[in-house]
Amino acid sequence: MSVAAKTERALIEPERTIWRPQIGQRQRQGKIWSAGFFVATLSAVLLLALLLGVLFIRGWDWLSWTLITEMPSRAAERSGLNSAIWGTVWVVSGAAIFSFFVGVGAAIYLEEYAARNWMTTFLKTNIANLAGVPSVVYGLLGLALFVEILNAGRTVLAGALTMGLLILPIIILASQESLRAVPLGLRQAAFGMGATRWQVVRAHILPAAMPGILTGTILAVSRAIGETAPLIVVGAAAYFPYRPDGLFSQYTAMPVQIYQWTGRPQEEFRDLAAAAIIILLVLLLSMNAIAIVIRQRLSSRKRW
Amino acid sequence: MAVEAPMIRPVPVVNENDSDDLSTEVVLRISDLSVWYGDFHAVTGVNITVPKNRITAFIGPSGCGKSTVLRCINRMNDLIPEARVEGSILYHGHDVLAPNVDPVEIRRRVGMVFQRANPFPKSIYDNVAWGAKINGFRGNMNEHVERCLRQAALWEEVKDKLKESGLALSGGQQQRLCIARALAINPDLILMDEPASALDPISTLKIEDLMRDLIRNYTIVIVTHNLQQAARASDQTIFFSLNENRQGVLIEGGPTRQIFTNPEDRRTEDYITGRFG
Chain E
3 MSVAAKTERA LIEPERTIWR PQIGQRQRQG KIWSAGFFVA TLSAVLLLAL
53 LLGVLFIRGW DWLSWTLITE MPSRAAERSG LNSAIWGTVW VVSGAAIFSF
103 FVGVGAAIYL EEYAARNWMT TFLKTNIANL AGVPSVVYGL LGLALFVEIL
153 NAGRTVLAGA LTMGLLILPI IILASQESLR AVPLGLRQAA FGMGATRWQV
203 VRAHILPAAM PGILTGTILA VSRAIGETAP LIVVGAAAYF PYRPDGLFSQ
253 YTAMPVQIYQ WTGRPQEEFR DLAAAAIIIL LVLLLSMNAI AIVIRQRLSS
303 RKRW
Chain P
74 MAVEAPMIRP VPVVNENDSD DLSTEVVLRI SDLSVWYGDF HAVTGVNITV
124 PKNRITAFIG PSGCGKSTVL RCINRMNDLI PEARVEGSIL YHGHDVLAPN
174 VDPVEIRRRV GMVFQRANPF PKSIYDNVAW GAKINGFRGN MNEHVERCLR
224 QAALWEEVKD KLKESGLALS GGQQQRLCIA RALAINPDLI LMDEPASALD
274 PISTLKIEDL MRDLIRNYTI VIVTHNLQQA ARASDQTIFF SLNENRQGVL
324 IEGGPTRQIF TNPEDRRTED YITGRFG
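Line by line, the protein sequences are chains E and P. What the first sequence shows, in our numbering, is residues 3 to 306, in sequence order. What the second sequence shows, in our numbering, is residues 74 to 350, in sequence order.
It is worth saying that the hints were derived from the structure and are not from the lab. Note that the Cβ used here is the ideal one computed from N, Cα and C, for glycine as well. Hints are supplied without guarantee of correctness; some may be wrong.
Covered by chain E, per the in silico footprint, the following chain P stretches (three or more residues, Cβ under 8 Å) [what the hints assert, rightly or not]:
1. 145–159
2. 184–194
3. 198–212
Lysine to aspartate or glutamate pairs mimicking DMTMM-like chemistry, simulated, CA-CA at most 25 Å apart [as the list claims (entries may be wrong)]:
4. E:K126 with P:E155
5. P:K206 with E:E114
6. E:K126 with P:D151
7. P:K195 with E:E179
Negatives, chain E to chain P, calculated, CB over 12 Å [what the hints assert, rightly or not]:
8. I34
9. S137
10. L188
11. Q190
12. V202
13. A240
14. G248
15. Q252
16. G265
17. F271
18. I281
19. S288
20. A293
Kindly generate the complete structure, drawing on both the sequences and the hints.
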């Protein structure tokens, strides 16, 4: 036995008596956990795949231009989403414009101007809570406030404002987050040159935060596209075969139309609803894709 | 076991260009300055006089409050919600800490250069032009931008790419861009918070040469961790340290030559020769 091997033995022998490394067992434990996590991921993905599969099987034959170009009708084969698509465009654009300006304004106030006291903390906490309120509650609020008290009736305006309120907290939170992420160095540099707070916000902080604000807004808007409950409460029409022609027009919307079709006794209408859902999903996924592209484009231009 | 001998750094060489004459017009007179962060009394009892057209260097160990004092001068501590400042800072006789003073008014006359070069994510041209624009500059902007970049010794390197992003420059160039940007507001006093700490030795020397040029027209206060830099570049040196309560205090200040060759306080001598810090 060489001297080196002898020394090693002498070092290792007493170690055996007080240390139990059990590396094999520790690694096995890790493998069991990772298998568990994999199963969790797999079941989520499988359920989603199953859902999409059923949708496509049922709806595929019903996907046609008729679905996009035609108005709803009593006969399933002549029915389309045209009025619902336009209704969604009106309501969601109205909601987006309203909540973007109000939301970004509120976020700028809370992050850049508000004094750091308990009142501001209270406001911030409650805005975060508002983002978690069920959407049907916003529907009831909209019904009381816009439809009844402001007497807007069952119009695009009432729907857009209600939907705007629903996504407002999400936009405020996303905007606050991206305003907070603007590096301190940029603020200091701008303030250090004798800029007023508004000049700093306008020229540096808002442009730097804009990618995050836009991403948050688009994600909020795509949530609004899919919302059904509040629109039913504030009176989107179940059957409305016309394009809305203004803010005070009646309207229907895609998820409302889908909901209405799924409630019909005829099997064809449920297949038609599946096809309509595919269109809605394509719309949502494109919105999310746009959000991702905007974020990538704008953030690759900047680095600190 | 052998006891290691304390490592003693050679005393830095004082530049022959430095001026011992600190009796020019007073730009800043800081009296009895104290700073709190929340309940923590971070800096206490600081008195400094900054003479015109001279470089004043703040040196001292980490956490001794030299940056804090610097940031009081242009009220940058206002951006830290829990910071509180007491005492007085007379800038040409006007107290910048007085409650009715708008910090924007001071920052207009006081340029600042930060530790980490922080150009705006805009073009080189816009980096320089923005400060002038927001402060109501009505002259010829192209000439103004060129003049500031020339003063910051950057013009020759960037004159063909003024439209490119300021962030595309090297670290040393970015810091000189930040100096040009500070000059663009036509300041009278320039504050520098460790401007060369993230730069290589050649870029550092460039910045020091630049500072020596600039004081013909400006007054500079610089915070530095680099004793050689303070010795080479500054005319007046202020040494800060921590007292027994871990508060930043001013130990002594005076002509750089005197502080580095014949300090009065034992702590200054220990710090400069490397027995402390």
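Structure-based check of all given hints:
1. Coverage of a stretch by a chain is defined here by at least three residues with a beta carbon nearer than 8 Å to that chain's beta carbons; for the segment 145–159 of chain P and chain E the count is 4, and the condition holds.
2. Remark: the segment 184–194 of chain P is confirmed as covered by chain E, as 8 of its residues place a Cβ nearer than 8 Å to a Cβ of that chain, reaching the required three.
3. Against chain E, the segment 198–212 of chain P contributes 4 residues with a C-beta closer than 8 Å to a partner C-beta. That satisfies the three-residue criterion, and the hint holds.
4. At most 25 Å may separate the alpha-carbon atoms for a hinted pair to count; K126 of chain E and E155 of chain P meet this at roughly 19 Å.
5. Note on K206 of chain P and E114 of chain E: the hinted pairing holds, with a Cα-Cα distance of about 22 Å set against a maximum of 25 Å.
6. For the proposed pair K126 of chain E and D151 of chain P, the alpha carbon gap of about 23 Å is at most 25 Å, so the pair holds.
7. Pair hint K195 of chain P plus E179 of chain E holds up; C-alpha atoms about 23 Å apart against a cutoff of 25 Å.
8. The Cβ of I34 of chain E lies farther than 12 Å from every Cβ of chain P, with a closest approach of about 46 Å, so its non-interface assignment holds.
9. For S137 of chain E, the non-interface assignment is confirmed: its Cβ lies about 36 Å from the closest Cβ of chain P, beyond the 12 Å cut-off.
10. A cut-off of 12 Å between C-beta atoms contradicts the statement that L188 of chain E is not in contact with chain P; the least separation is 6 Å.
11. Separation of Q190 of chain E from chain P is inadequate, the least Cβ-Cβ distance of about 6 Å not exceeding the 12 Å criterion.
12. The claim that V202 of chain E is not at the interface with chain P is violated, since a C-beta of that chain comes within 12 Å of its own (minimum 9 Å).
13. For A240 of chain E, the requirement that its beta carbon stay farther than 12 Å from each beta carbon of chain P is met, with the minimum near 51 Å.
14. At roughly 42 Å from the closest C-beta of chain P, the C-beta of G248 of chain E stays outside 12 Å, upholding its exclusion from the interface.
15. Distance check for Q252 of chain E against chain P: the nearest CB is about 47 Å away, which clears 12 Å, and the non-interface claim stands.
16. Listed as outside the interface, G265 of chain E is consistent with that label: its C-beta sits roughly 53 Å from the nearest C-beta of chain P, beyond the 12 Å cut-off.
17. For F271 of chain E, the shortest C-beta to C-beta distance to chain P comes to about 54 Å, beyond the 12 Å cut-off, and the non-interface label holds.
18. Against the 12 Å criterion, I281 of chain E stays outside the reach of chain P, whose nearest CB is about 40 Å from its own CB.
19. At roughly 29 Å from the closest C-beta of chain P, the C-beta of S288 of chain E stays outside 12 Å, upholding its exclusion from the interface.
20. For A293 of chain E, the shortest C-beta to C-beta distance to chain P comes to about 21 Å, beyond the 12 Å cut-off, and the non-interface label holds.
Violation of the numbered hints given earlier is confined to hints 10, 11, 12; the remaining hints are satisfied by the structure.
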